Structures are given as C-alpha cells and as structure tokens.
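Produce the entire structure from the sequences given, and follow the hints as far as they go.
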Amino acid sequence: SSAISFVKILRVLRVLRPLRAINRAKGLK
156 SSAISFVKIL
166 RVLRVLRPLR
176 AINRAKGLK
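Heads up: the sequence shown begins at 156 in the working numbering, then just goes up one per residue.
Read the hints as simulated data drawn from the structure, not as lab findings. A few of these clues could be false.
Label pairs and their in silico Cβ distance ranges [said to hold, decoys possible]:
#1 S156 x A176: 26 to 34 Å
#2 R179 x A158: 28 to 36 Å
#3 K184 x S156: 40 to 48 Å
#4 A180 x S160: 25 to 33 Å
#5 A158 x N178: 24 to 32 Å
#6 S157 x I177: 29 to 37 Å
#7 G182 x S160: 30 to 38 Å
#8 K181 x F161: 39 to 47 Å
#9 N178 x S157: 26 to 34 Å
#10 G182 x V162: 24 to 32 Å
#11 K163 x L183: 39 to 47 Å
Bear in mind the structure is a predicted one, so any value in this text is a computation, not a measurement. By construction, the Cβ of each residue, glycine as well, lies at the ideal position given by its N, Cα and C atoms.
Structural data, given as structure tokens:
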C-alpha cells in the first residue's frame, strides 16, 4: 500500500509542477 501511495504522490507532483509554472507566468505579467 505504501508503494501505491508513493506513486500517487509522484503523479500529484507531476501535475502541480506545471500548474505552478503557469501561475508564476501569470503573476509576472
């Protein structure tokens, strides 16, 4: 179960990274 939760966390991080980059770009404009 720990391995499954770890994979879920990695997936979430992959999704959040580009979202943060987009938010930064919007904030700079």
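Quiz item: Does the Cβ distance between A158 and N178 fall inside 24 to 32 Å?
Solution: holds (31 Å)
Exercise. Take the C-beta atom of S157 and the C-beta atom of I177, compute their distance, and say whether it sits inside 29 to 37 Å.
Key: 31 Å Cβ-Cβ, so the 29 to 37 Å window holds.
Practice problem: Could you tell me whether the CB distance from K184 to S156 stays inside 40 to 48 Å? | Solution: With Cβ atoms ~43 Å apart, the hint holds.
Quiz item: Does the hinted range 24 to 32 Å hold for G182 and V162 at CB?
Solution: Holds, at about 31 Å.
Quiz item: If you check the beta carbons of N178 and S157, does the distance land in 26 to 34 Å?
Solution: holds (31 Å)
Quiz item: So does R179 sit 28 to 36 Å from A158, Cβ to Cβ?
Solution: holds (32 Å)
Quiz item: Using the C-beta atoms of K163 and L183, is the stated range 39 to 47 Å upheld?
Solution: The hinted range 39 to 47 Å is violated for K163 and L183, with Cβ atoms some 31 Å apart.
Quiz item: So the hint says 39 to 47 Å: do the beta-carbon atoms of K181 and F161 match that?
Solution: violated (31 Å)
Quiz item: Could one say that the CB atoms of G182 and S160 fall in the range 30 to 38 Å?
Solution: holds (32 Å)
Quiz item: Should the hint that A180 and S160 are 25 to 33 Å apart at their CB atoms be regarded as holding?
Solution: Distance hint for A180, S160 holds at roughly 31 Å.
Self-check item: Cβ separation of S156 and A176, checked against the hinted range 26 to 34 Å
Solution: Because 31 Å falls inside the window, the suggested range holds.
Comparing the model with each earlier hint shows violations of hints 8, 11; every other hint is respected.
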